[in-house]
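Asks: Spelled out from the first residue to the last, the chains are:
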Amino acid sequence: MNLRKALAIAGVNLRRLTRDKTGAFFVFVFPFLIILAIGAAFGSGFTPKVGIVSTGSGVLGGDLRAGLEATEGLDVQAFGDVDSLRTAVERGLIEGGIVIPVGYDDRIRQGETVPIVAITRPTGSGQELETTVSGVIDEQSVRIRAARFAVAEDAAASFDEGLARADAAAEGLPDIAVTTRTAGAASAGTFDTGAAQELILFMFLTSLSASAMLIETRRFGVSTRMLASPTSVRTILVGEALGRYAIALVQGVLIVIGTVVLFRVDWGNPATTALVVLLFGLAATGAAMVMGSVLQNASQAGAMGVFLGLVLAALGGCMVPLEIFPPLMYRIAHLTPHAWAIEALSDSIAVDAAPSQVATDLWVLAAYATALLAVATVLLRRTLTVRG
Amino acid sequence: MGDAWTIAMKDLRRRLRDRTAVLVALVLPFGLASIFSLTLGDVESQGFEATYAVVDRDAGGHLPSEFEELLESLDFVTLREAASEEAAESLADDGTIDAAIVFPDGFTEQVQSGRGGEIGVIADPDAQIASLVAESLTTSFALNLDAVGLSVAAVAEPGSPPDDALVERAQAVAPAAEIRTADADDRSASQSSFFAIGMAVFFLFFAVEFGVRGLLEEREEGTLARLLVAPISPSSVIGGKALASFAVGLVSTSLLVFATTWLLDARWGDPLGVALLVLGGVLAAVGVTALVATLATTTAQAGAYVSIVAVVGGLLGGTFFPISQAGFLGTIRFLSPQGWLMEGFQELAYGGAVADITRPLLGVLAIAAVTGSIAWVRSQRMVAR
Chain A
1 MNLRKALAIA
11 GVNLRRLTRD
21 KTGAFFVFVF
31 PFLIILAIGA
41 AFGSGFTPKV
51 GIVSTGSGVL
61 GGDLRAGLEA
71 TEGLDVQAFG
81 DVDSLRTAVE
91 RGLIEGGIVI
101 PVGYDDRIRQ
111 GETVPIVAIT
121 RPTGSGQELE
131 TTVSGVIDEQ
141 SVRIRAARFA
151 VAEDAAASFD
161 EGLARADAAA
171 EGLPDIAVTT
181 RTAGAASAGT
191 FDTGAAQELI
201 LFMFLTSLSA
211 SAMLIETRRF
221 GVSTRMLASP
231 TSVRTILVGE
241 ALGRYAIALV
251 QGVLIVIGTV
261 VLFRVDWGNP
271 ATTALVVLLF
281 GLAATGAAMV
291 MGSVLQNASQ
301 AGAMGVFLGL
311 VLAALGGCMV
321 PLEIFPPLMY
331 RIAHLTPHAW
341 AIEALSDSIA
351 VDAAPSQVAT
361 DLWVLAAYAT
371 ALLAVATVLL
381 RRTLTVRG
Chain B
1001 MGDAWTIAMK
1011 DLRRRLRDRT
1021 AVLVALVLPF
1031 GLASIFSLTL
1041 GDVESQGFEA
1051 TYAVVDRDAG
1061 GHLPSEFEEL
1071 LESLDFVTLR
1081 EAASEEAAES
1091 LADDGTIDAA
1101 IVFPDGFTEQ
1111 VQSGRGGEIG
1121 VIADPDAQIA
1131 SLVAESLTTS
1141 FALNLDAVGL
1151 SVAAVAEPGS
1161 PPDDALVERA
1171 QAVAPAAEIR
1181 TADADDRSAS
1191 QSSFFAIGMA
1201 VFFLFFAVEF
1211 GVRGLLEERE
1221 EGTLARLLVA
1231 PISPSSVIGG
1241 KALASFAVGL
1251 VSTSLLVFAT
1261 TWLLDARWGD
1271 PLGVALLVLG
1281 GVLAAVGVTA
1291 LVATLATTTA
1301 QAGAYVSIVA
1311 VVGGLLGGTF
1321 FPISQAGFLG
1331 TIRFLSPQGW
1341 LMEGFQELAY
1351 GGAVADITRP
1361 LLGVLAIAAV
1371 TGSIAWVRSQ
1381 RMVAR
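Protein chains in written order, with the numbering used here: chain A, 1 to 388; chain B, 1001 to 1385.
Just so you know, these hints were derived from the structure itself, not from any lab.
From the three backbone atoms N, C-alpha and C, an ideal C-beta is built for every residue, glycine too.
Fair warning: there could be bad hints in the mix.
[Said to hold, decoys possible] Some chain B residues well away from chain A (every beta-carbon gap over 10 Å; in silico): (1) Arg1115; (2) Pro1125; (3) Thr1139; (4) Arg1169; (5) Leu1224; (6) Glu1343.
[As the list claims (entries may be wrong)] Part of the chain A face toward chain B, derived, beta carbon under 10 Å: (7) Leu33; (8) Val102; (9) Asp106; (10) Met226; (11) Leu227; (12) Ala228; (13) Ala274; (14) Leu278; (15) Glu343.
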């Protein structure tokens, strides 16, 4: 195999791709759009915004609202009514909304357990937000329960006096702390796997779409002419693979670096992230070449590429989080390289996992890459040499 | 108009024979809907499940057992044994449990003598939701202990001996407020609705792509010239292509709405609103893809351009994951028909009526009108050549 020729073939493919407007777009412009989208959704320079409707909720309602405003990691905005709050949640202007009902103060004083309505988006961050707000509400509840008890036990003549007694008693009373940490680390890790899911999804999708190029190579007879020259089939195959791999790598690297630099998205351990991008890129290349050698014409490849890309991504956990997959689907998901890549990246993001800690995932990715490239080689060799 | 209809029917018949049209318009959406229903399925039928372990290092203390009893009473929780913190940590690490709750030595005694305390939670990094729930349950338990402690302290004389009856009464005081999620039971339905809507909107562009590429294809295959020789106006030819596109898009999207409602229990909302938005959306999709196709010189190029518009528009419009409408992204979202459609469909899914979707409807119709007319003019010129 002649490496110089292989590199030349890779170079020709890349030049063809970048000269064609759509190709250049996919390789260079598209990643930045993905970066924008990922950054906006998952960047850490981003505090979740919560809306509050608290009109008519009285003094205690105001206290609750103040408690939420004082909470670290929440950016509270006031809203006038429930409808505008709901609309703001739907439009993504805020992560969630809290409604402290009218008459909250009176109802509390009368001993009622008042429901506080939370409106959240049906994605992961909604759950986390609910947990945080729930905690603040429960904290406020501590003081109120003490006040109610004081009144019930005749230790205080009125609710306000009860509150005063509770506050005085709280002076010398330490509370019970709950400290969370992630297994394998000393502190709590970041949980959002969304960025990992999107990176894998788009690396794969672009690789499959770019495979249309190989089909045109066959159609235009370029491959046959290459074979006519003193070039081995193996050289041509390596050249085609290298070209495609470069595309996949550029995508992955651009997205990771772009999101870090522009939006401070935290990918965790750099070595692990780099290895996942490198190995998954190889797997995506292999898959793209397999698809390219199997399909008949370019227009079909475009649609099939997107379809297969999305199907495998959905199966592999790029859309619905792997955590909520039913057991059978969880096993099926691990038949795709996506699931392994996402899990390795999630561990890196959550606990800064080093490559040694995600060794299994990395080895499996390498195995997938090898298998897919091998199959692609066999199929391509046959189509190149058995010319109809 | 009759001629346009004939051409449309001819195109549709051809498309049916060509496997890719059936693939994209029917198999794709059904396939993805099925996959989503499989991956989300158990969540809806079985509900949420979690496995936890409680490490009780508090010899002689009863509070950790109380917590364990609390967990056992929850039907979505499965409890496992863990002898030590190290054992629990490795169980969480390999995924056997979703989270472990650790009570240190002397916990009960410390709490009851008013010296506070600390409970540890060890989370499995791959179990985001279950870990959050564990943390939430533990915090709730801790705060309840705080409440009882504070209640007793507010009432009892300082320095008096512990009074069990008093403590019991303090435990019985009702909480002040509790959080209630709007549509709590619909959380999974909301998630499947989101995916259903996102998918339908995304694939709309691929479904209508075939018809609009038709003109280019005919030119490449040489049949366009023959069509034009016939006593039909060029407008009929173009109109026929547009009509075929529209039909495929409409059928495909409608089928997808039904399929997801049936397979995923997706709630699309007010039927009239959904119908109007689908119509508007298909019109906009036809307009945009037609315009894009007129910018291409070959069918392959047209296909590639449409793919780009579909993926970029879908990404920016929020079909893959929710995109905040604040800031820069929010401004360019107006250019994306997918963005308008996502806004409109989500409004309907949250319970809105036709009146609530006037903005998105106007948005897609405006896009349809603008892109459609430009495409029409360009097509005329292309055909005339």
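Asks: Take the hints in turn and mark each one as holding or not.
Replies: Status of the hints after comparison with the structure:
1. A cut-off of 10 Å between C-beta atoms contradicts the statement that Arg1115 of chain B is not in contact with chain A; the least separation is 6 Å.
2. Against the 10 Å criterion, Pro1125 of chain B falls within the reach of chain A, whose nearest CB is about 4 Å from its own CB.
3. With a least beta-carbon separation of about 5 Å from chain A, Thr1139 of chain B fails to lie farther than 10 Å from that chain, contradicting its non-interface assignment.
4. A beta-carbon of chain A comes within 10 Å of the beta-carbon of Arg1169 of chain B; the shortest separation is about 7 Å.
5. Non-interface status of Leu1224 of chain B relative to chain A is upheld: no Cβ of that chain comes within 10 Å, the nearest being about 17 Å off.
6. Glu1343 of chain B, annotated as away from the interface, has a beta carbon of chain A within 10 Å; the closest lies near 7 Å.
7. For Leu33 of chain A, the suggested interface contact is upheld, since its CB lies about 6 Å from the closest CB of chain B, less than 10 Å.
8. Contact between Val102 of chain A and chain B, as hinted, is not supported at the beta carbon level, the nearest pair being about 14 Å apart and thus beyond 10 Å.
9. Because the smallest distance between the Cβ of Asp106 of chain A and any Cβ of chain B comes to about 13 Å, over 10 Å, the interface hint for this residue is violated.
10. For Met226 of chain A, the suggested interface contact is broken, since its CB lies about 21 Å from the closest CB of chain B, more than 10 Å.
11. For Leu227 of chain A, the interface hint is violated, the least distance from its beta-carbon to any beta-carbon of chain B being 24 Å, above 10 Å.
12. Violation of the interface hint for Ala228 of chain A is found here, the shortest Cβ-Cβ separation to chain B being roughly 25 Å, above the 10 Å cut-off.
13. At about 20 Å, the closest approach between the beta carbon of Ala274 of chain A and any beta carbon in chain B exceeds 10 Å, and the interface hint on this residue is violated.
14. Checking Leu278 of chain A against chain B: minimum C-beta separation of about 22 Å lies over 10 Å; hint violated.
15. Residue-level restraint check for Glu343 of chain A holds (minimum Cβ-Cβ distance to chain B is 7 Å; threshold 10 Å).
In terms of the numbered hints stated before, the structure departs from hints 1, 2, 3, 4, 6, 8, 9, 10, 11, 12, 13, 14, listed from lowest to highest.
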